[in-house]
Amino acid sequence: MNLDSKVILAFDFGLKHIGVAIGQEITNTAETFFSLEAKNGEPDWSKLDPLVKEWNPKPLCSRQPLNMDGSDSEIKKKSDKFSNLINKRYNIPVELMDERLTTREAKDRLKAEEDNSASSGRDTHQIAAQIILENWFSENR
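Counting from 1, position 16 in the sequence shown corresponds to residue 16 in my numbering; the numbering is continuous, with no gaps.
These are calculated hints, taken from the structure and not from any lab test. Just to be clear, a hint being listed does not mean it is correct.
Below, computed lysine-lysine pairings styled on DSSO-like, alpha-carbon distance capped at 30 Å [unchecked claim]: (1) Lys81 with Lys107; (2) Lys58 with Lys78; (3) Lys39 with Lys78; (4) Lys53 with Lys77; (5) Lys47 with Lys77; (6) Lys111 with Lys88; (7) Lys111 with Lys78; (8) Lys88 with Lys53; (9) Lys47 with Lys58; (10) Lys77 with Lys58; (11) Lys111 with Lys39; (12) Lys58 with Lys88; (13) Lys6 with Lys81; (14) Lys39 with Lys76; (15) Lys53 with Lys16; (16) Lys111 with Lys76; (17) Lys16 with Lys77; (18) Lys78 with Lys53; (19) Lys107 with Lys6; (20) Lys16 with Lys39; (21) Lys107 with Lys58; (22) Lys58 with Lys81; (23) Lys107 with Lys47.
Pair by pair, the computed Cβ-Cβ distance ranges are [claimed, not checked]: (24) Leu15 with Ser46: 28 to 38 Å; (25) Lys111 with Lys53: 32 to 42 Å; (26) Lys16 with Gly121: 17 to 27 Å; (27) Arg104 with Asp72: 27 to 37 Å; (28) Ile26 with Asp69: 35 to 45 Å; (29) Glu42 with Ser73: 30 to 40 Å; (30) Ile92 with Ile26: 10 to 20 Å; (31) Gly70 with Glu95: 17 to 27 Å; (32) Glu114 with Asn91: 17 to 27 Å.
All values reported here derive from a predicted model rather than from experimental measurement. Cβ atoms here follow ideal geometry from the backbone N, Cα and C, with glycine treated the same way.
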């Protein structure tokens with residue numbers, strides 16, 4: 001891994017699954033990576049730890065679940081807990097991104113892939129994480 005490159009990981013937090021996307025700030029590109037199974041929002045750290053060690057991302061991005069009116073959603077406390085845990089565990093800043101409508105957009109992208117017979121094995125969690133990261137790039141250019 002080139003230490004001059006800036007890798008960013010993004011997470012689409014969920015109670016059962018956490019989508020992960022990886023991006024490169026030099027090219028402003030984001031790609032789906034994989035989904036982690038979670039138990040009540042707690043990831044399998046044994047799968048996440050080596051990933052963070054290998055890629056040394058800075059920063060990490062996580063979703064900020066808000067209602068359409070901007071108020072906190074039901075899952076926000078658990079999502080905030082996840083963001084705080086990864087911040088403390090890896091000592092890497094976590095930037096929260098508004099994720100309203102990312103799941104809907106992810107489902108639309110997945111359906112388009114299926115309609116084009118280009119099924120890639122990706123799921124909505126991974127794609128939502130990719131969208132969160134794409135939005136981060138748009139806001140941080």
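Hint check results:
1. Lys81 with Lys107: holds, 26 Å
2. Lys58 with Lys78: holds, 22 Å
3. Lys39 with Lys78: holds, 12 Å
4. Lys53 with Lys77: Holds. Lys53 to Lys77 sits at ~27 Å (cutoff 30 Å).
5. Lys47 with Lys77: holds, 23 Å
6. Lys111 with Lys88: violated, 37 Å
7. Lys111 with Lys78: holds, 29 Å
8. Lys88 with Lys53: Holds, at about 14 Å.
9. Lys47 with Lys58: Since the Cα atoms of Lys47 and Lys58 sit roughly 18 Å apart, the hinted pair holds (cutoff 30 Å).
10. Lys77 with Lys58: holds, 23 Å
11. Lys111 with Lys39: holds, 27 Å
12. Lys58 with Lys88: Holds, at about 14 Å.
13. Lys6 with Lys81: holds, 25 Å
14. Lys39 with Lys76: Roughly 16 Å separates the two Cα atoms, so the pair holds.
15. Lys53 with Lys16: Since the Cα atoms of Lys53 and Lys16 sit roughly 24 Å apart, the hinted pair holds (cutoff 30 Å).
16. Lys111 with Lys76: Status holds; Cα separation ~27 Å.
17. Lys16 with Lys77: holds, 15 Å
18. Lys78 with Lys53: holds, 24 Å
19. Lys107 with Lys6: holds, 29 Å
20. Lys16 with Lys39: The hint holds at about 6 Å.
21. Lys107 with Lys58: Between Lys107 and Lys58 the Cα gap is close to 28 Å, so the pair holds against 30 Å.
22. Lys58 with Lys81: Distance ~19 Å between Lys58 and Lys81 Cα, so the pair holds.
23. Lys107 with Lys47: It holds: about 25 Å lies between the C-alpha atoms, which stays within 30 Å.
24. Leu15 with Ser46: 28 to 38 Å: 19 Å Cβ-Cβ, so the 28 to 38 Å window is violated.
25. Lys111 with Lys53: 32 to 42 Å: For Lys111 and Lys53 the Cβ distance comes to about 35 Å; the hint holds.
26. Lys16 with Gly121: 17 to 27 Å: Holds: the Cβ-Cβ distance is about 18 Å, inside 17 to 27 Å.
27. Arg104 with Asp72: 27 to 37 Å: violated, 19 Å
28. Ile26 with Asp69: 35 to 45 Å: Since Ile26 and Asp69 have Cβ atoms about 37 Å apart, the given range 35 to 45 Å holds.
29. Glu42 with Ser73: 30 to 40 Å: violated, 19 Å
30. Ile92 with Ile26: 10 to 20 Å: Given range 10 to 20 Å: holds, Cβ gap about 19 Å.
31. Gly70 with Glu95: 17 to 27 Å: holds, 18 Å
32. Glu114 with Asn91: 17 to 27 Å: Because 40 Å falls outside the window, the suggested range is violated.
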